[in-house]
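Asks: Single-letter residue listing:
Protein chains: 4
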Amino acid sequence: MGKGRLEAFSDGVIAIIITIMVLEMKAPHGDTPGSLLPLLPVFLSYVLSFVYVGIYWNNHHHMLHAARRISGAVLWANLHLLFWLSLLPFATGWMGENHFAAVPSALYGAVLFMAAIAYRILQQSIIAAEGEGSVLKSAVGIDWKGKLSPLFYLAAIVSTFWVQWLAQALYVIVALLWLVPDRRIEQAIEHTPG
Amino acid sequence: MGKGRLEAFSDGVIAIIITIMVLEMKAPHGDTPGSLLPLLPVFLSYVLSFVYVGIYWNNHHHMLHAARRISGAVLWANLHLLFWLSLLPFATGWMGENHFAAVPSALYGAVLFMAAIAYRILQQSIIAAEGEGSVLKSAVGIDWKGKLSPLFYLAAIVSTFWVQWLAQALYVIVALLWLVPDRRIEQAIEHTPG
Amino acid sequence: MGKGRLEAFSDGVIAIIITIMVLEMKAPHGDTPGSLLPLLPVFLSYVLSFVYVGIYWNNHHHMLHAARRISGAVLWANLHLLFWLSLLPFATGWMGENHFAAVPSALYGAVLFMAAIAYRILQQSIIAAEGEGSVLKSAVGIDWKGKLSPLFYLAAIVSTFWVQWLAQALYVIVALLWLVPDRRIEQAIEHTPG
Amino acid sequence: MGKGRLEAFSDGVIAIIITIMVLEMKAPHGDTPGSLLPLLPVFLSYVLSFVYVGIYWNNHHHMLHAARRISGAVLWANLHLLFWLSLLPFATGWMGENHFAAVPSALYGAVLFMAAIAYRILQQSIIAAEGEGSVLKSAVGIDWKGKLSPLFYLAAIVSTFWVQWLAQALYVIVALLWLVPDRRIEQAIEHTPG
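Residue numbers (the working numbering), protein chains in the order written: chain Y, 1 to 194; chain D, 1 to 194; chain G, 1 to 194; chain B, 1 to 194.
A few of these clues could be false.
Claimed, not checked - In silico BS3-like links for lysine-lysine, alpha-carbon gap of 25 Å or less:
| hint | chain 1 | residue 1 | chain 2 | residue 2 |
| --- | --- | --- | --- | --- |
| 1 | Y | 3 | G | 3 |
| 2 | B | 137 | B | 3 |
| 3 | D | 3 | B | 147 |
| 4 | Y | 137 | B | 3 |
| 5 | D | 137 | D | 147 |
| 6 | G | 26 | D | 26 |
| 7 | G | 145 | G | 26 |
| 8 | Y | 137 | Y | 3 |
| 9 | D | 137 | Y | 3 |
| 10 | D | 3 | G | 137 |
| 11 | Y | 26 | D | 26 |
| 12 | G | 3 | B | 3 |
| 13 | D | 137 | D | 3 |
| 14 | G | 3 | D | 3 |
| 15 | Y | 26 | G | 26 |
| 16 | D | 3 | Y | 3 |
| 17 | G | 3 | B | 147 |
| 18 | Y | 26 | B | 26 |
| 19 | G | 26 | B | 26 |
| 20 | B | 3 | Y | 3 |
| 21 | B | 137 | B | 147 |
| 22 | D | 26 | B | 3 |
| 23 | Y | 147 | Y | 137 |
| 24 | G | 137 | G | 147 |
To be verified - Covered by chain D, according to a simulated footprint, are these stretches of chain Y (three or more residues, beta-carbon under 8 Å):
| hint | stretch |
| --- | --- |
| 25 | 84–98 |
| 26 | 123–135 |
What the hints assert, rightly or not - Pairwise CB distance ranges (calculated):
| hint | chain 1 | residue 1 | chain 2 | residue 2 | range |
| --- | --- | --- | --- | --- | --- |
| 27 | D | 38 | Y | 166 | 40 to 50 Å |
| 28 | B | 37 | Y | 147 | 28 to 38 Å |
| 29 | B | 40 | Y | 33 | 23 to 33 Å |
Hint data in this document are derived by calculation from the structure and do not stem from the laboratory.
Note that the structure is a prediction, hence the values are computed from the model and not measured.
Each residue gets a CB set at the ideal place from its N, CA and C atoms; glycine is no exception.
The task is simple: from the sequences and hints, build the whole structure.
Replies: Laid out in structure tokens, this is it:
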């Protein structure tokens, strides 16, 4: 009930988030290659965030594809996830403009951490709405990626005050981890009469 | 007739409204935790408005799900609602940047008041288009939340000139009131052959 | 063929156009009612443009509902219409910020004129794609509104250099003319086996 | 599987890209025709980019219409294309504000080049997902336009450092080349039991 519109609204918000991040990259005043150089950190943080939002859209897509029932709690758990994702452009811009300084990098990690928690809450609320025999539940399985990612974000938040670039390295590693599409859900659906 | 596209267009506008509000939160120039502090009121008013827009999307979703017939008047009543919601980013930014001063807080309440009135007009126009035996009409019932909210907004507008924080307290109370999903409509649909 | 996606893309672009216009209204620095006053012309031109974009969405909705066949020419005629509508936020902002001065008011009229022409081209290209027995063709009929509006815009463009407020008066009159929904198309569809 | 949502998300992102480009055109402070003049290069580059994004939407529309199967690789190939398209507003603004200077014009060409490569990768990944007997594969055929365009972009990037306006001329020529809709795919679909 209403799954289509939940997907459409989420697609809209995610499409806007992924696109307005590029607005942080203001056209420089000069017209030389050198005038682009100061934008490099902003560009790199844009690439990182683009990949993260892409991962969220991809996983969201697969998760809702597996979902059979949408409750009121699911609608709000979804909005909660979109709220944290909506803070990503701000965190991205701040981190990029400050050349990956410790505090902005930690805030970036905090937003990723909260988004990851929100994603798990959404996942649990869909499973709860479906009850016994949830396709999503068996598809998710032990979900080691979902459990590991928040720990990586916490490690990044702490480590950036010690070695600045460690946070970025950890964010890139988690992104690569997720870039491999979630075959578990795809397989579970194929093995289930839909 | 045309319900799908009305929903899609409304979803698009609401998705953009909920996302561009975050653009009011400009990345600060410093890179210390202290440089984030001045943004706190802007952030808090963003959270409040995000919840309000989320509530409107949620209720809009349920209302149109119950609707069976869309007339030309409904299309315009819907645009009228979207107009007032589109002013929310402006009102949110002004209120946040002025640390919840009286006049901006009152304007924020005025926008919420007009949106609430517009929502009721939309509700009535759908019921009018459906005529006798409207599912939505029986679902809405006495609609005490819909009748109470505008009174709260008026009280907030008046009270903020007397005790500044009272407006915010009232806005939060109304939001909490609505966060409980509108079970009436869900139940009425379940008891009706759709 | 592909009507759904044409509608969805148009809805997306129109939803963004109608929403980003509000970004021209920057939150003022003061927190008094007086600090809102300089925004009044920007607000009024926003209301006018919101109504115009609403009219276009409404008519677009009805026209595509009546369309049975979409050709490649229709896709480009549609993009051509969206191009002129996309210039409305710019024209709106310039007119509002200059308190309805003659040149910006004339440019606003020129954008409305081009959008009206583009709408007619789109209408003709759909009718051409459908060939004999086009539902849309019989629905549109003599189309006196579509023929009259461009003349009004031209009159407004000329008259604003003579009496400044005449352009605005004409824009409001044309908007009121269109606010009455296009019953002709609705009726033609009802009388046609769809 | 999931083609609808892939189309909807792409439509959303492309709709936002095509619309936010107009935000680069800031309303000038004066209210004379002369105050519009400095905006002319920004306007011209907006028109060029609008046409390019329109071409991409159009071809994307036809390509996915022909696609029968969507894999995880297709989802990411699609996001990869959207990434390069998302850089077009930045490149457009920079080129326009610098009156088509050599370096910004070359960057514009580089973004177009990468988008063209990304489009080909997406095309190949759909064909790969469909395997033998792919409708899209036979529809695309020798794809001389797709193979020629990147060469034109490279020629433009090189030539702009020699004769500045040559890049723009080449960009316009490629755009005109593509404006002719891709009849091959349309025909292949018509000859195939869908």
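Asks: For each hint given before, does the structure comply? Return the numbers of the non-compliant ones in rising order.
Replies: The structure breaks hints 3, 7, 17, 22, 26, 27 and 28; every other hint is satisfied.
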